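Please put together the full structure from these sequences, using the hints given.
Number of protein chains: 2
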Amino acid sequence: MVKFDGYEFIDGGVCAAEGFKASGVIAGIKAGNTTKRDLALIACDVRCKSAALFTTNKVKGAPIIVSREHLKDGYAQAIVVNSGNANTCNANGVAIAEEMCELTAKMLKLSKEDILVGSTGVIGQKLDIKPIKDAFPLLVKELSDKNSALACEAIMTTDTRKKELAVEFTIDGKKCHLGGISKGSGMINPNMATMLAFITTDVAINGELLKKALRKVNDLTYNMVSVDGDTSTNDSLFLMSSGLAGNDEIICEDKDYEIFENALYAVMMNLARETARDGEGATKLIECIVNGADTEKTAKIVAKSVISSSLVKAALFASDANWGRILCAIGYADADFDINKVSVDLSSAKGKIAVCKNGAGVAFSEEAAKEILSEDEIKILVDLHDGENSAVAWGCDLTFEYVKINAEYRT
Amino acid sequence: MVKFDGYEFIDGGVCAAEGFKASGVIAGIKAGNTTKRDLALIACDVRCKSAALFTTNKVKGAPIIVSREHLKDGYAQAIVVNSGNANTCNANGVAIAEEMCELTAKMLKLSKEDILVGSTGVIGQKLDIKPIKDAFPLLVKELSDKNSALACEAIMTTDTRKKELAVEFTIDGKKCHLGGISKGSGMINPNMATMLAFITTDVAINGELLKKALRKVNDLTYNMVSVDGDTSTNDSLFLMSSGLAGNDEIICEDKDYEIFENALYAVMMNLARETARDGEGATKLIECIVNGADTEKTAKIVAKSVISSSLVKAALFASDANWGRILCAIGYADADFDINKVSVDLSSAKGKIAVCKNGAGVAFSEEAAKEILSEDEIKILVDLHDGENSAVAWGCDLTFEYVKINAEYRT
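Chains as they are written, first to last, in the numbering used here: chain A, 1 to 411; chain B, 412 to 822.
These are computed hints drawn from the structure, not numbers from a lab. Some hints could be false.
Simulated crosslink set (DSSO-like; lysine-lysine; CA at most 30 Å straight-line) [to be verified]: (1) A:K126 with A:K3; (2) A:K341 with B:K441; (3) B:K763 with A:K126; (4) A:K379 with B:K815; (5) A:K58 with B:K523; (6) A:K58 with B:K768; (7) B:K761 with A:K126; (8) A:K36 with A:K146; (9) A:K341 with B:K537; (10) B:K537 with A:K350; (11) B:K441 with A:K370; (12) B:K763 with B:K414; (13) B:K483 with A:K341; (14) A:K30 with B:K768; (15) B:K552 with B:K414; (16) A:K357 with B:K537; (17) B:K469 with A:K297; (18) B:K520 with A:K404; (19) B:K666 with B:K622; (20) B:K573 with A:K357; (21) B:K537 with A:K370; (22) B:K585 with B:K414; (23) B:K414 with B:K520; (24) B:K666 with A:K370; (25) B:K815 with A:K370; (26) A:K341 with B:K517; (27) B:K441 with A:K352; (28) B:K623 with A:K58; (29) B:K790 with A:K357; (30) B:K523 with B:K447.
Computed from a prediction, not measured in an experiment: that's the story for all the values here.
This is the structure:
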């Protein structure tokens, strides 16, 4: 986890903020599944100001259509999520997504319009409501502020790690909390990474500012992650605020707003980064930091181009300092800068090495480079020497296992 | 090979047209290479009207800088090409590329400005002129109109197949010829595929029309190929016309121009298609045909999006009819159409099957689909039901071997 000043990492994930409970159970949504949790619920004691961002893919999962509708008034109180089936591109997806919301509303005695819904898994197969209905009593019974981890487990598909995090900080003299759970491992590319992410907070904040912060931080975090360049149909990012921390509501972009936004960044950046680390088949987290760009946009485009290159990714799998491929990916990035000023360094816990200066290779020890690249967290440091702007993007290596997972996913 | 009316496929490749000779020898450019041809020469008896297209990558191989300069007057008479080293991003690349041209000019008694040069291989390593110099006498000695295949061999890197083709046709009552050789297997994405392609013809044609035809046909062929999304630093496509067929020079876009353009398409399309088939690690050629688009641009964008998707590519490696991934890739294509009208069929020599209609899955036999997808040439047929425009793109499956090749390439 990358640490920042002014925040403490704490346990509790999506339940760290006041008022939130979660649960996750085995519903058996995918035929034959009797061991993996696949149905999650996050619920709050009060109606929450809420914001969301969804995939830019024209193909949108039915849950997105329903959630968007339910979020029109800016409020929500619970989220129901299944894994094992994306509930997308099937005949009756919207009806099923609505039914999931109705079921949740009925069981929690809430309004259907205050329920959000998410699904992840295979596209184009009918989602059967029966196993969900059957599992619901247990799902509700297990709701607890201790069960973030179970919800986190239930939303995983090919994920190999739980992505769960929370921070504690102070606004207006009150202890505040912000935490989340996230899933995503393949079909991951902005906008956004294929992922579901659920963030909760108890900070009292105006609804428009909540949306604004979510959009800004998402652009710097999830939208800077790529595992395979495939933008999913079901990407959904939800942020709910219970307002129970007791702070005076944040109503303008003041110091308190800044603290809130930074807390949101701390959680979402680390969750997004873990998503890249847990990319399908990945053995390495690749972080590309671009400095010296004339604009932030240029920095972002270059950083994304590098971590998205199949050839760079395959080279790093082999711990091979094939910097020519990195320069190549910088060169085809759709932005304007002078390639002859570009420098590239590689670094990890084992040290740092310059491999390219002024757009050409420099002499370096292949052995030292190999040692640096053998670590499981690699930084590619690019300087465009063309200004003051920076960006960071996160990706992972391309491995045999990626192919294996995706050649066998449906079977 | 895809056949068209009005042309005969013939042997001879880059030497099929009147006036052209070629050769290819083992120079030992890559340390330790004593068995693979790595130096090629194509030369014409007369100065040729010539045109070229180069990579859009900001990082440009030194040979491109030199060739572009030498082509300023629109004429060339010979092309020298090495594999094993890209002569790119090294300290003295341009000087070496110039030296290769000087050497060729001296040996063939031509002007240095009439020599074009190409290189392919690892980026960022110094190219030593000595092995090239040493091999040159043999290279020139072996020049023959029978040796297109040797030149073709000499430009291959990770290629597993020779890509060589020629056609014969009639213009103005004269027998005309157009043929070429091409290499490219990885770091392949438009604009253009990483590839070197050398096309020769004996058709007499005005220089501006030569350029125009090359650009248009390239947009429909090499620019519609993607193996891994990485746009190389060294992509070069050369077209030389000896004008020795004896036809009256083509000076406007008349019927004869159309015949010439179609011949160029026949050769370049088939070479480009073979490039996709020979994608690094590929076991299958994937052809995506998009019909019913409102514009040709939309059709192209959608076709390219489908064949570029890592998830589609991995699914097809496993002969898995995971059409949801295809629809997903159609959905994130950056073009405007109604996803709810889209249909997708899959076909091969084994038959054809509908998998998606009106943007949703339809019932189909998984067994039949598997049989269709087990072939080594797969067609993905997309209809946007939104107009009259079409496009075709070519790609390949994503396999363990792709990762293996690219994780080990430098070592």
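Each hint, compared with the structure:
1. A C-alpha spacing of about 43 Å is found between A:K126 and A:K3, which places the hinted pair above 30 Å, so the restraint is violated.
2. Among the hinted pairs, A:K341 with B:K441 is consistent with the structure: their alpha-carbon atoms are about 29 Å apart, no more than 30 Å.
3. Distance hint between B:K763 and A:K126 is fulfilled; the C-alpha atoms sit about 24 Å from each other, no more than 30 Å.
4. A threshold of 30 Å between alpha carbons decides the hint, and for A:K379 with B:K815 the separation of about 23 Å falls inside it, so the pair holds.
5. Pair hint A:K58 plus B:K523 does not hold up; C-alpha atoms about 54 Å apart against a cutoff of 30 Å.
6. Of the pairs offered as hints, the one joining A:K58 and B:K768 holds, with about 15 Å between alpha carbons and a cut-off of 30 Å not exceeded.
7. Of the supplied pair hints, the one linking B:K761 and A:K126 holds, its CA atoms being roughly 28 Å apart against a limit of 30 Å.
8. Straight-line distance between C-alpha atoms of A:K36 and A:K146 comes to about 19 Å, which keeps the hinted pair within the 30 Å bound.
9. Taken as a hint, the A:K341 and B:K537 pair is honoured in the structure, with Cα atoms around 20 Å apart against an allowance of 30 Å.
10. A threshold of 30 Å between alpha carbons decides the hint, and for B:K537 with A:K350 the separation of about 28 Å falls inside it, so the pair holds.
11. Distance check on the hinted pair: B:K441 and A:K370 sit about 21 Å apart at the alpha-carbon level, within 30 Å; holds.
12. Proximity of B:K763 to B:K414 is assessed by CA-CA distance (about 21 Å); at most 30 Å being required, the pair is judged to hold.
13. The suggested pairing of B:K483 with A:K341 holds, with an alpha-carbon distance near 27 Å, which does not exceed 30 Å.
14. At most 30 Å may separate the alpha-carbon atoms for a hinted pair to count; A:K30 and B:K768 meet this at roughly 24 Å.
15. The suggested pairing of B:K552 with B:K414 is violated, with an alpha-carbon distance near 35 Å, which exceeds 30 Å.
16. About 15 Å separates the Cα atoms of A:K357 and B:K537, which keeps this hinted pair within 30 Å; it holds.
17. Distance restraint check for B:K469 and A:K297: the Cα-Cα separation of roughly 17 Å lies within the 30 Å cut-off, and the hinted pair is therefore satisfied.
18. For the suggested pair B:K520 and A:K404, the alpha carbons sit about 55 Å apart, so the restraint of at most 30 Å is broken.
19. Distance hint between B:K666 and B:K622 is fulfilled; the C-alpha atoms sit about 17 Å from each other, no more than 30 Å.
20. Between the alpha carbons of B:K573 and A:K357 the distance comes to roughly 37 Å, so the proposed pair goes past 30 Å and is violated.
21. At roughly 21 Å between alpha-carbon atoms, B:K537 and A:K370 fall within 30 Å of each other, so this suggested pair holds.
22. Restraint check for B:K585 and B:K414: the C-alpha separation of about 21 Å stays at or below 30 Å, so the hint holds.
23. With a C-alpha separation of about 40 Å, the suggested pairing of B:K414 with B:K520 is violated against the 30 Å cut-off.
24. About 59 Å separates the Cα atoms of B:K666 and A:K370, which puts this hinted pair outside 30 Å; it is violated.
25. Distance hint between B:K815 and A:K370 is fulfilled; the C-alpha atoms sit about 17 Å from each other, no more than 30 Å.
26. Using a Cα cut-off of 30 Å, the hinted pair A:K341 and B:K517 is violated, with the two alpha carbons roughly 36 Å apart.
27. Under the criterion of a C-alpha separation no larger than 30 Å, the hint pairing B:K441 with A:K352 is consistent with the structure, at around 29 Å.
28. A C-alpha spacing of about 36 Å is found between B:K623 and A:K58, which places the hinted pair above 30 Å, so the restraint is violated.
29. Between the alpha carbons of B:K790 and A:K357 the distance comes to roughly 45 Å, so the proposed pair goes past 30 Å and is violated.
30. For the suggested pair B:K523 and B:K447, the alpha carbons sit about 27 Å apart, so the restraint of at most 30 Å is met.
This entry does not satisfy hints 1, 5, 15, 18, 20, 23, 24, 26, 28, 29, going by the numbered hints stated previously.
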